[in-house]
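Undergrad: Produce the complete structure using the sequences and hints provided.
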Amino acid sequence: MSNQVKLLQGNEACVEGAVLAGVRFFAGYPITPSTEIAEGMARRLPRIGGRFIQMEDEIASMAAIIGASCAGSKSMTATSGPGFSLMQENLGYAYITETPCVVVDVQRGGPSTGLPTKISQSDTMQAAYGTHGDYYAIVLAPSSVEESLHLTVKAVNYSEMYRTPVIVLLDEVLGHMREKVVIPALDEIEVQERRRPAVPPDWYKHYAITATGVSAMASFGEGYRFNVTGLTHDELGFPTAVPREIKAMLDKLKDKVVKNADAIAEFESTEMDDDPKVAILSYGIVSRAAKQAVAMAREQRLKVGAIRPKTIWPLSESKVRDLLKPVRQLIVAELNQGQLINMVKQCIDRNHTELIPLQKYDGELITPSEILHKIKEVKHHAN
Amino acid sequence: MQTKSDIVHHYLRPKKKFPHVWCSGCGLGVILGSLIRSIDALQMPKDDIVVCSGIGCSSRLPVYIDFNTLHTTHGRAIAFATGVKFSNPRLKVIVVTGDGDCLAIGGNHFIHACRRNIDITVILVNNWIYGMTGGQFSPTTPTGKIGSTAPYGNIEQTFDPTKLAIAAGAAYVARSTVYHVDQLDKMIKGGLEKKGFSVVEVISNCHTYFGRLNKEGDAVEMLTWMKAHAMPIQAARKLPPEKMEGKFVTGLLHDEEKQEYCDRYAQLSEDLMKKTEARP
Amino acid sequence: MKTKEKQVTGSDRYEIRLSGSGGQGLILAGVMLAEAVGTIDGRNVAQTQSYGPEARGGASRADVVISDDEISYPKAMKLDLLLALTQEACDSYYHDLKEDGTLIIDSHMVTQPPTPRCYGFPFVQLAKSEIGVAMVANVVSLGTICELTGIVSKQALTEVVRRRAPRGTEEKNLKALELGFQIAKNVKK
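Heads up: the protein sequence lines correspond to chains A, B and C, in order. Residues 0 to 382 in numbering that gives the first Met the number 0 are what the first sequence lists, from first letter to last. Residues 0 to 279 in numbering that gives the first Met the number 0 are what the second sequence lists, from first letter to last. Residues 0 to 188 in numbering that gives the first Met the number 0 are what the third sequence lists, from first letter to last.
Among the hints, erroneous ones may be present.
As the list claims (entries may be wrong) - Under the rule of at most 30 Å between Cα atoms (straight-line distance), these lysine-lysine pairs were calculated in the BS3-like manner:
{"no.": "1", "chain 1": "A", "residue 1": "Lys276", "chain 2": "A", "residue 2": "Lys309"}
{"no.": "2", "chain 1": "B", "residue 1": "Lys185", "chain 2": "B", "residue 2": "Lys16"}
{"no.": "3", "chain 1": "A", "residue 1": "Lys309", "chain 2": "C", "residue 2": "Lys74"}
{"no.": "4", "chain 1": "A", "residue 1": "Lys302", "chain 2": "C", "residue 2": "Lys77"}
{"no.": "5", "chain 1": "B", "residue 1": "Lys273", "chain 2": "A", "residue 2": "Lys5"}
{"no.": "6", "chain 1": "A", "residue 1": "Lys117", "chain 2": "C", "residue 2": "Lys153"}
{"no.": "7", "chain 1": "B", "residue 1": "Lys16", "chain 2": "A", "residue 2": "Lys204"}
{"no.": "8", "chain 1": "A", "residue 1": "Lys246", "chain 2": "B", "residue 2": "Lys16"}
{"no.": "9", "chain 1": "A", "residue 1": "Lys373", "chain 2": "C", "residue 2": "Lys77"}
{"no.": "10", "chain 1": "A", "residue 1": "Lys5", "chain 2": "C", "residue 2": "Lys171"}
{"no.": "11", "chain 1": "C", "residue 1": "Lys174", "chain 2": "A", "residue 2": "Lys5"}
{"no.": "12", "chain 1": "B", "residue 1": "Lys188", "chain 2": "B", "residue 2": "Lys45"}
{"no.": "13", "chain 1": "C", "residue 1": "Lys171", "chain 2": "A", "residue 2": "Lys309"}
{"no.": "14", "chain 1": "A", "residue 1": "Lys5", "chain 2": "C", "residue 2": "Lys153"}
{"no.": "15", "chain 1": "B", "residue 1": "Lys16", "chain 2": "A", "residue 2": "Lys253"}
{"no.": "16", "chain 1": "B", "residue 1": "Lys237", "chain 2": "B", "residue 2": "Lys226"}
{"no.": "17", "chain 1": "A", "residue 1": "Lys204", "chain 2": "B", "residue 2": "Lys45"}
{"no.": "18", "chain 1": "C", "residue 1": "Lys153", "chain 2": "C", "residue 2": "Lys171"}
{"no.": "19", "chain 1": "C", "residue 1": "Lys74", "chain 2": "A", "residue 2": "Lys117"}
{"no.": "20", "chain 1": "A", "residue 1": "Lys251", "chain 2": "B", "residue 2": "Lys16"}
{"no.": "21", "chain 1": "A", "residue 1": "Lys117", "chain 2": "C", "residue 2": "Lys171"}
{"no.": "22", "chain 1": "A", "residue 1": "Lys378", "chain 2": "C", "residue 2": "Lys74"}
{"no.": "23", "chain 1": "A", "residue 1": "Lys373", "chain 2": "C", "residue 2": "Lys174"}
{"no.": "24", "chain 1": "C", "residue 1": "Lys74", "chain 2": "A", "residue 2": "Lys373"}
{"no.": "25", "chain 1": "A", "residue 1": "Lys5", "chain 2": "C", "residue 2": "Lys74"}
{"no.": "26", "chain 1": "A", "residue 1": "Lys375", "chain 2": "C", "residue 2": "Lys171"}
{"no.": "27", "chain 1": "B", "residue 1": "Lys242", "chain 2": "B", "residue 2": "Lys257"}
{"no.": "28", "chain 1": "C", "residue 1": "Lys153", "chain 2": "A", "residue 2": "Lys276"}
{"no.": "29", "chain 1": "C", "residue 1": "Lys77", "chain 2": "A", "residue 2": "Lys378"}
{"no.": "30", "chain 1": "A", "residue 1": "Lys375", "chain 2": "C", "residue 2": "Lys97"}
By construction, these hints were calculated from the structure, which means they are not laboratory data.
TA: Shown next as structure tokens:
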């Protein structure tokens with residue numbers, strides 16, 4: 000089958016990716032700038048045997064996709080800041096019950112209603128740490144329309160492989176901008192399914208402690224008849240107050256993400272081969288400005304590179320250290336008051352690499368000249 | 000022959016979390032038994048039943064029974080249940096919830112599930128109080144009654160959840176009490192058989208908090224009150240309003256045939272897929 | 000410094016802004032142009048737009064960045080071409096145009112052009128008189144852009160206009176496109 004080339008918005012590319020990855024259940028609530036995802040799902044899903052439902056709010060949307068996942072569907076919702084805040088409690092429920100699902104957050108300015116039609120990256124920390132309790136998120140962030148498709152596929156895969164919610168962070172500009180996308184054929188993409196139990200129902204433990212940290216998962220209606228609860232539970236899924244079992248459950252939530260961080264965390268490097276001492280770290284659409292700025296700087300014989308995490312969380316410490324080996328000054332460019340820089344701080348050697356913030360939070364996308372200006376400033380001080 | 004207690008034991012989770020968390024004399028044990036008898040009477044396979052709940056005393060019920068069970072967040076059980084049912088309409092989905100869980104924090108989900116008429120049975124355990132958190136007033140606490148957060152008497156109006164459900168579009172609405180066990184079995188069975196959104200409100204006793212705070216006595220005294228104040232709908236219809244003063248109506252309050260949500264979506268989906276196939 | 004930046008953003012990268020007021024169909028025109036260039040002519044393209052209340056009545060704009068290389072920054076930095084259908088749009092965006100960039104204006108609506116070195120066509124009036132609906136002025140202007148710059152192939156643009164035109168208006172839109180080609184050709188002569 001020949002590949003289709005389409006001009007799509009970032010939001011529309013998410014829909015394509017979700018459908019390719021096997022998402023057949025979507026529950027959502029309208030909110031700018033994410034609505035095109037719900038609209039796309041409402042059109043597509045009933046045509047391919049999937050199910051779309053518009054819920055009464057984002058709390059219910061999050062609840063419905065978890066319920067659907069327990070019943071065996073790959074499920075997804077999409078929202079923006081205010082809705083993402085409403086989803087947090089049930090998102091926590093998905094973490095503790097280890098229920099696969101994907102949440103796309105198309106970021107706009109906040110807090111509260113903030114800037115519904117303007118760009119921001121101020122949900123960065125919320126995506127990783129938004130709900131209460133100890134848990135470890137997986138957060139992916141595409142930087143182009145085409146990558147919005149591919150990282151949505153990856154998000155669905157990770158959610159199934161690790162039995163956990165996965166967050167995809169878009170933003171207003173990426174969600175609405177249009178670029179050319181090659182829609183891959185189904186046999187060209189890798190699609191993962193959750194591991195099914197290989198034991199008879201009597202032996203089944205919904206939260207079995209395993210070497211990989213990930214348990215097999217049965218669906219409702221298959222004869223396993225297990226209990227799912229948001230209370231801290233034992234391996235069978237029954238509430239527990241036994242200290243040993245409490246710790247085991249929390250370690251499991253942590254280990255399955257943290258121990259796999261090297262496999263999950265991905266980076267893109269631009270002009271890093273000649274070991275530049277100055278580099279820019281940014282994610283999502285901002286990295287496109289950074290790349291342009293690096294090209295401009297290189298034209299002016301300024302040795303500088305760019306690093307882009309495709310995975311905001313977990314950040315693999317070993318990979319970050321490796322990438323930053325030559326870098327003495329790292330400009331962290333982001334559309335907020337310093338959320339990514341805070342997360343990066345945790346996994347770098349600050350005696351080796353100085354972090355330099357470049358923060359814009361006026362509703363506009365950062366420009367290549369603004370980054371170039373910062374590069375020059377940093378270079379000037381270094382000399 | 001199987002005794003009623005044999006039936007109940009067949010459906011309980013063996014070796015699991017007994018003794019239960021409820022106070023002795025709590026109406027929830029009666030409701031648990033009634034739900035099991037209703038399911039048994041209909042010979043529904045255990046594997047096909049999903050029982051969802053939220054947070055509160057009543058929401059602990061699913062953990063004791065041998066079905067697929069989903070104990071969720073406060074107020075959201077119906078929204079989770081909607082996801083389960085819509086994802087796999089073959090499953091029989093039941094929600095067990097309380098007056099605080101369903102009508103305060105979960106009120107919006109309740110209304111909209113009624114409106115969609117999705118095939119879920121809600122067993123709404125109404126004991127007029129928040130039990131698990133220690134006796135705060137709820138949306139059904141009668142005006143003037145005491146709760147720990149209404150120490151001088153509740154100044155708010157109450158909801159009638161059955162009227163709310165009927166107005167919002169539920170297909171089947173009934174009320175019974177933990178005293179009227181035979182009627183309760185019948186109402187729950189009817190709800191389970193109904194294709195569409197069914198609501199069974201069960202008046203239950205929280206003698207530990209409501210009874211104690213309002214000097215309404217122990218479990219037996221509260222059950223006696225139910226016996227004296229419940230009026231079956233057939234009888235209530237014949238009575239003049241002044242004779243109904245202080246009483247409440249029980250029985251099947253509303254039963255309506257209308258298209259169910261999952262069926263309607265399946266039809267839409269099938270039509271669209273036919274159209275897509277027909278196109279070259 | 001300025002010339003060096005120009006090299007990077009220069010020869011290959013081509014930036015277009017279609018501007019006017021909300022309701023003139025400029026976002027649709029931007030989508031049509033991007034789709035023709037991207038999916039049929041096979042070049043890289045990024046299309047962005049002003050989004051918000053102003054998209055319904057106030058100033059409206061769609062940006063299209065075209066390149067054979069990968070497009071890093073997706074938004075316009077220095078315009079190679081500005082289409083302005085209103086005076087307000089022209090005043091707002093003229094300063095984003097490169098010194099040697101192309102300015103195309105609606106000659107009836109933009110009564111005070113910022114420079115004499117521009118192409119002026121009465122797009123809205125022509126759409127009304129020749130096609131019968133002012134709504135297709137967006138497509139007329141796409142035709143002139145195509146003819147004057149060659150940034151998009153006629154065949155690709157024609158196909159996309161046919162595909163994207165609101166149902167029932169295909170013929171009118173194709174006629175509008177032809178009209179756009181024609182008036183630009185006359186100027187070039």
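Undergrad: Each hint should be assessed against the structure and marked as holding or not.
TA: Hints versus structure:
1. Lys276(A) x Lys309(A): Judged against 30 Å, a Cα distance of about 22 Å means the pair holds.
2. Lys185(B) x Lys16(B): 28 Å, holds
3. Lys309(A) x Lys74(C): Given that 30 Å is the threshold and the Cα spacing comes to 21 Å, the pair holds.
4. Lys302(A) x Lys77(C): Measuring from Cα to Cα gives roughly 25 Å; hence the hint holds.
5. Lys273(B) x Lys5(A): Measuring from Cα to Cα gives roughly 25 Å; hence the hint holds.
6. Lys117(A) x Lys153(C): With a Cα-Cα distance of about 35 Å, the restraint between Lys117(A) and Lys153(C) is violated, given a limit of 30 Å.
7. Lys16(B) x Lys204(A): Roughly 16 Å separates the two Cα atoms, so the pair holds.
8. Lys246(A) x Lys16(B): Holds - the C-alpha atoms of Lys16(B) and Lys246(A) are around 20 Å apart, at most 30 Å.
9. Lys373(A) x Lys77(C): 20 Å, holds
10. Lys5(A) x Lys171(C): Holds: Lys5(A) and Lys171(C) sit about 25 Å apart, inside 30 Å.
11. Lys174(C) x Lys5(A): Given pair Lys174(C), Lys5(A) holds - Cα atoms ~25 Å apart, limit 30 Å.
12. Lys188(B) x Lys45(B): 15 Å, holds
13. Lys171(C) x Lys309(A): Between Lys171(C) and Lys309(A) the Cα gap is close to 46 Å, so the pair fails against 30 Å, i.e. violated.
14. Lys5(A) x Lys153(C): 19 Å, holds
15. Lys16(B) x Lys253(A): Cα-Cα ~27 Å, so holds.
16. Lys237(B) x Lys226(B): The given pair, whose Cα atoms are some 19 Å apart, holds under the 30 Å limit.
17. Lys204(A) x Lys45(B): Judged against 30 Å, a Cα distance of about 18 Å means the pair holds.
18. Lys153(C) x Lys171(C): 17 Å, holds
19. Lys74(C) x Lys117(A): Given that 30 Å is the threshold and the Cα spacing comes to 14 Å, the pair holds.
20. Lys251(A) x Lys16(B): Roughly 23 Å between the alpha carbons, so the hint for Lys251(A) and Lys16(B) holds.
21. Lys117(A) x Lys171(C): 35 Å, violated
22. Lys378(A) x Lys74(C): 26 Å, holds
23. Lys373(A) x Lys174(C): 50 Å, violated
24. Lys74(C) x Lys373(A): Roughly 20 Å separates the two Cα atoms, so the pair holds.
25. Lys5(A) x Lys74(C): Holds, because 20 Å separates the two Cα atoms, which is no more than 30 Å.
26. Lys375(A) x Lys171(C): This hinted pair is violated, its Cα atoms lying about 53 Å apart.
27. Lys242(B) x Lys257(B): 34 Å, violated
28. Lys153(C) x Lys276(A): Given pair Lys153(C), Lys276(A) is violated - Cα atoms ~48 Å apart, limit 30 Å.
29. Lys77(C) x Lys378(A): 26 Å, holds
30. Lys375(A) x Lys97(C): 24 Å, holds
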